[in-house]
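Next come the chains, spelled out residue by residue.
Number of protein chains: 2
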Amino acid sequence: MPKFVYDFTEGNKDLKDLLGGKGANLSEMTNLGLPVPPGFTITTEACRHYLAEGAVPAGLAEEITEHLTALEGTMGKKLGQADDPLLVSVRSGAKFSMPGMMDTVLNIGLNDESVLGLAAQSGNERFAWDSYRRLIQMFGKTVLGVDGELFEESLEELKHAKGTTDDLDLTAADFQKLVGTFKGIVRERTGREFPTEPREQMDLAVKAVFDSWNSDRAILYRRQERIPTDLGTAVNICSMVFGNLGMDSGTGVAFTRDPASGQQGVYGDYLQNAQGEDVVAGIRNTVPLADLGQINEPVYRQLLQIMETLENHYLDLCDIEFTVERGKLWMLQTRVGKRTAAAAFRIACQLADQGLIDLNEAIHRVNGDQLAQLMFPRFDAAAPKEQIAKGMNASPGAAVGKAVFSSEAAVEAAARGEKVILVRRETTPDDLTGMIAAQGILTSRGGKTSHAAVVARGMGKTCVCGAEDLDVDVKARRLKTGDVVVQEGDVLSIDGSTGAVYLGEVPVSASPVVRYFEGELAPADGDELVQSVHRLMVHADAAARLAVRANADTPEDSERARRFGATGIGLCRTEHMFLGERRQLVEDLILATSDAEREAALDALAPFQKEDFHGILKAMDGLPVTIRLIDPPLHEFLPDLTELSVKVALAGADASDKDRRLLEAVHRLHEQNPMLGLRGVRLGLVIPGLFAMQVRAIAEAAAQRLSEGGDPRPEIMIPLVGSIQELEHAREEAEQVLRSVGGEVKALIGTMIELPRAALTAGQIAEGAEFFSFGTNDLTQTTWGFSRDDVEASFFSRYLELGVFGVSPFETLDRDGVGRLVRIAVEEGRRTRPDLKLGVCGEHGGDPESVHFFHEVGLDYVSCSPFRVPVARLEAGRAAVETDGSDSR
Amino acid sequence: MPKFVYDFTEGNKDLKDLLGGKGANLSEMTNLGLPVPPGFTITTEACRHYLAEGAVPAGLAEEITEHLTALEGTMGKKLGQADDPLLVSVRSGAKFSMPGMMDTVLNIGLNDESVLGLAAQSGNERFAWDSYRRLIQMFGKTVLGVDGELFEESLEELKHAKGTTDDLDLTAADFQKLVGTFKGIVRERTGREFPTEPREQMDLAVKAVFDSWNSDRAILYRRQERIPTDLGTAVNICSMVFGNLGMDSGTGVAFTRDPASGQQGVYGDYLQNAQGEDVVAGIRNTVPLADLGQINEPVYRQLLQIMETLENHYLDLCDIEFTVERGKLWMLQTRVGKRTAAAAFRIACQLADQGLIDLNEAIHRVNGDQLAQLMFPRFDAAAPKEQIAKGMNASPGAAVGKAVFSSEAAVEAAARGEKVILVRRETTPDDLTGMIAAQGILTSRGGKTSHAAVVARGMGKTCVCGAEDLDVDVKARRLKTGDVVVQEGDVLSIDGSTGAVYLGEVPVSASPVVRYFEGELAPADGDELVQSVHRLMVHADAAARLAVRANADTPEDSERARRFGATGIGLCRTEHMFLGERRQLVEDLILATSDAEREAALDALAPFQKEDFHGILKAMDGLPVTIRLIDPPLHEFLPDLTELSVKVALAGADASDKDRRLLEAVHRLHEQNPMLGLRGVRLGLVIPGLFAMQVRAIAEAAAQRLSEGGDPRPEIMIPLVGSIQELEHAREEAEQVLRSVGGEVKALIGTMIELPRAALTAGQIAEGAEFFSFGTNDLTQTTWGFSRDDVEASFFSRYLELGVFGVSPFETLDRDGVGRLVRIAVEEGRRTRPDLKLGVCGEHGGDPESVHFFHEVGLDYVSCSPFRVPVARLEAGRAAVETDGSDSR
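Protein sequence lines correspond, in order, to chains B and R. Counting in the UniProt record's numbering, the first sequence runs from 1 upward without gaps. Counting in the UniProt record's numbering, the second sequence runs from 1 upward without gaps.
In case anyone wonders, no lab produced these hints; they're calculated from the structure. Treat the hints with caution; some may be incorrect.
Identical copies go unnamed one by one, so any copy, or any two together, can satisfy a pair.
Unchecked claim - Keeping only pairs whose Cα atoms sit at most 27 angstroms apart, straight-line, the calculated DSS-like set for lysine-lysine is:
| id | residue 1 | residue 2 |
| --- | --- | --- |
| 1 | Lys658 | Lys475 |
| 2 | Lys647 | Lys658 |
| 3 | Lys3 | Lys390 |
| 4 | Lys183 | Lys475 |
| 5 | Lys78 | Lys658 |
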């Protein structure tokens, strides 16, 4: 039979799977000799058994009894003992932190008798009765499922009757009366008496904590945070200590370093005569932790000593919860603490400088999301600002513009070249055009999974949502907050990284980290942050096994990508070269009615293409450049069907001949589902000469670079291949053109893997491909069967709410579905062709979590937008040290 | 070292892999003691080696020498021997018949000397020189790659100079002269002399046959017929016999039974003084085989004896090629012969009656495509008909209508309620609307993979294509053929099963086989065909492991499906119930601006739904009915965006308020790619109450059936699920509704597997599904990334031409891609839930080859349109006896 209960002296910090995070760290502190109230932990395994079988495992009750008896021995008193009761807390604690999601019951062990003993022992009758009513209240709500409002209302009524609003005005007698009322509520609502037997209280509380693993909110939270659903929670049973026994008692939180800057020092808050929740609830003002030095110097010094111990032990910033009970310090919790992005980089380098960790561990301590945050433009910290509200930091960035209150107004203003912030109570799919037109989006309702938040993140657009202080009046085109009124046209500045909303224009400046990547700021000239970033990037590059390329379609983008550290272009989209003044030539191609006309149109396009390719090959001299042949359906280059139909209909007999011909072509090429239509390799096989023109332009551009002494490395990529036969036809044509251009020009020929069938038949397709590039955007669309344009606005926010996704599969690669296809294609492609070059050019190439996946499956490179290149480089290094590196602890 | 050469005495009919079909059957006949000219076969293995390495395997030359020496011994003369030459043919022969695809060279062994010996031995100088010039011509073209036209032109010139058009007017001297001319052509075109060394001739011819495996047309043919590309061909070297040595010689073809009716008897053609090709080429009129009885009675009797021997040996209809050389019969080829659909059924039953085969083997001998052909309506055989042309039988059926020559005319006529035949030279994607509007399609150009043929088959529309005798003048709106002129509006009748084109209306009648399935014709009252079909269907049903259900949305269709033998409804589409008069209610639902309006709209729809379900459950009493909740995007129920935009724009200020509101809704719901949009389970999760209304209607309909004493078996199917989370939400809602209706109502809850992700995560999804139904239409669309509506017309014909597909993946399931996903889902779904019920409801459920696949992977049932149910039943039985049945030979 497995062991279901661990005394705090038996566990350690590496047993999080079994004891949960809280339990493992309580054990760790106990073993370090720190003052932790004695207690024990019931394992997650017991919970899993309970959830699966509907009953606690055999033997658990006996094991608990054994540990409780030992605890009672240690404490010298028995649970609920009438004259001097041992009280315990029963707290949940899972492997992953799920703050506030699951249940806790304090003061277990109180009943009508022991409350008197507690009063006598503490010398504080009011405290004892308050503790008792809290027990009934928490127990009633959590364990017995009574509506918590009923208890709150009784409390409010009592205060109202006494003419006060402050709990502190209630007396022992008041609380005693409340105990009676609360018991009545329990009786009335549950048809049973509040259980006064201490052990029964404890057992029921344990089960309630188990059950709380599957509460709706916990399930939703896990779905959103992608915490596995079958882990279960541990239960910590800990002897109670009280910070509310008088002014010699108190409770506090502390950090071993400044979580904002990373500086070592004394950071935290303390509150005298209070319990844990009171600090968080903000009922009274806390004092800075340093003041504890005046209040109780020995305790303060002991705490500093413990903080040093913990940091040297955990080798990282720790956050701590503690309680002082009548002058004695008790540690209630510790864990590795959260920190800002900048602090994460600084702390990692500081710890490396102190020799506490090595550089492998240092890059493990930071991540790409943090780096991306450091790269957003920011509001000038020194500039004067008038903050008028704070909402949720839904999508990062700093946006400034005139407030507009409708999508139409946003579109109109943007058409006039004005920058705007779209302000709505909440957004709906109808606001999409306005969101596209705006610099940023501000809403007064909705959380991080609201429509506004989801869509804005998808667009990479700054967004602050749920700024509840704002009273948004869309009809009147204004918002109010306190005395401030913002009319349409007034300027707002919103900080998507902090959630702050400022009145007026706040100056925006480029991040020093970006200036460093751009080469405008030498590492040595930068501040500690820039230096830290530099050191960690150098190490990540050295460690990485994945190369990082960029998606870029112009020489300018290619140059920036190179400055940002890209070692090639992974996706150069040629259709972008068909826009602007060249669109006319594409129209000619589409309207061609004879071979001669079609060939003339292609001949006219060729020199432009050659020039484009020459510029990019020059910018990327010596590095590979993957050029994708034309991908979108041709009707994308024509006017919109509905608009043109209306135009021609309104013009009637006066409609121009050109418009009529265009309309005829638009009709002919119209597709119900263009994403699933005549595009990619299909176009290449159906329209004679189209691919050949592009391949010739690539080959001639490369030949020119060779004649200039350059080192061009073009790679020709065939899009939307679903079968080896398609690839073979396109490949034969391309090879023929390459041979006809002759000379020294060489180019790899490969394909996108962006259709499920391409992945499923990758073993065959690899026969005709020298490289694969996973087009994970399209692969996600076809694997899930949804079109990004259509569905992000229409149902993604609902899906996030429902927990169907933890995160949009367009942001982070869906491992189970799309990832499985990638894995199949990698394995079977390499089986056919061991030297097959493998990369990814979807936007996932710049997403931290996805980069780890691509490392895991063994790709050769990822490719992403130039701005994401540093993020991908860092994550490529992190992935390498995490899976390949030596254990650095 | 493997053995590369088999004497005809060494092989047998089961060695087709190694010896090809022709070689294996020549050996078989030799072993049966039939008069086969001696010879030997070079194996496909030698060919594969040659194709892989570019050279014949070591030892092959020696082995050939050995066998040639033995052959020379048998024949008593040497290859090319001057005074009495042994001549041989060198013929290809692969495992699968590839008629006309690969090469043959006859008369190997002739040169300037042996031609004189042949003349002397045959006593026919003209024959000898004719044979020699044929050798040079065939060898020049096939082995040396000289343009065959050059030889033809010389021959024509000679005839022209002699003032004749008939080869028979040419003399020995003429042919001798032609030999000189042909040698000159070879010299001029290849820069070498025609090789006169007999063994060199033979070796070069063998290599040419090997090479012909990879000729363009052979590759294309294999792609289309889905013959594996790596089999290679065998080469048969056979001593020549001549049917053209005088009137006591001749050549013929024979069948052991009538391939049209299946009757045993004497069927075939004979041509005196002729070689094999002459029979096929139709240069002279053949005589019925029975006439051979008069010409040479002993030979005739010998032939009949041989035919009986062969049929009893092969246990099937055989077709035979033979030659009579100066009164001696030689067998040149035999194989199991092709036959009509009706003959196939009759022959299978006859053979079973004769005790030659058992019923398992009998159902193996027929197939669903044949049964489908027997079910098409047909032109009344007895009715007078004026056939004016014959084209290719591109898509079966009998269609009658007025000829129209443009897509517009077809659409206009159809709008007036007229039936039309669309006549075009060839069709293009622009003709799509016309093809939809027409009863049938007739073209004068293009083969079975032309646009017209492919699209028509996809639509199930009758089509005759490539009727080359028709001179179609689209501008003048008429066609001519001979003296007949057909103007637009004149009636045509086309037979897509035979390719016949008739002038005027030919009466159409239902097939007796359909009348049998409908129950209108008892088996005993039917003809031999109906009785044969009945016997084989009964056996197939008994053998089948796959059940067959139907896709049906109305009580009427359900009843027909039941009559046709369906044992359930596999797909009942509920959205079809939202059309007609109820469309208004759906509009109300879409335009609802409040919860109350939405609920009112749903409440109004509910009684209709309940009525629909009640009718279907009644029709299928006691059998399962799988009802799919609403699947298409809601905008499908609204007017078209472009049409409505034009209408509102033209109306200007006069546009109705309703139209404006509708246009607003159409805009709001518009999707770029509706197939990938807000539909299926996504609608269910986004629109409160929609799925619940449907589930309630199902439950209430079932409750009513129960109260009527019925046995309703509804199964609720959630469409477009991509993740277990979606299914769980929909399932919870459905279960809640079912509980609320209460009573005895039970319903399985399951899901469509129609997205790649659903298949890839089927192991998870099975946790929430009691059944899976593979929606292979959508699964094909998403796996390949093409939309059927958009691409069949735009590039499928090109893809079939290029050999990307052998057959449209919408007709026959793509095993490598889509099939792999099905397999994954079956295995992983069953692993999670061993009693998971598995079916398919895409159109592939009625496709013979696909049914075998579904049997193989272990589905429980297929579901298809009612009319395809018998086809699926037959194929389900065939699949079972082929994979599971005892060997019945």
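Checklist entry - Is it within, between, both, or neither for Lys78 and Lys658, if the alpha carbons may be no more than 27 angstroms apart? => result neither (95 angstroms within a copy, 77 angstroms between copies)
*When no copy is named, should Lys3 and Lys390 be tagged within, between, both, or neither for a Cα gap of at most 27 angstroms?*
Answer is neither; intra-copy 49 angstroms and inter-copy 86 angstroms both fail.
Quick one: Lys658 to Lys475, C-alpha cut-off 27 angstroms, is that within a copy, between copies, both, or neither? Classified as between: cross-chain Cα gap 24 angstroms, same-chain 43 angstroms, threshold 27 angstroms.
With identical chains, the pair Lys647 and Lys658 could be close in the same copy or across copies; at 27 angstroms between alpha carbons, which is it: within, between, both, or neither?
Classified as both: same-chain Cα gap 12 angstroms, cross-chain 22 angstroms, threshold 27 angstroms.
Intra- versus inter-subunit Cα pairing at 27 angstroms for Lys183 with Lys475
neither (50 angstroms within a copy, 96 angstroms between copies)
Taken one by one, the earlier hints fail for this structure at numbers 3, 4, 5, listed in ascending order.
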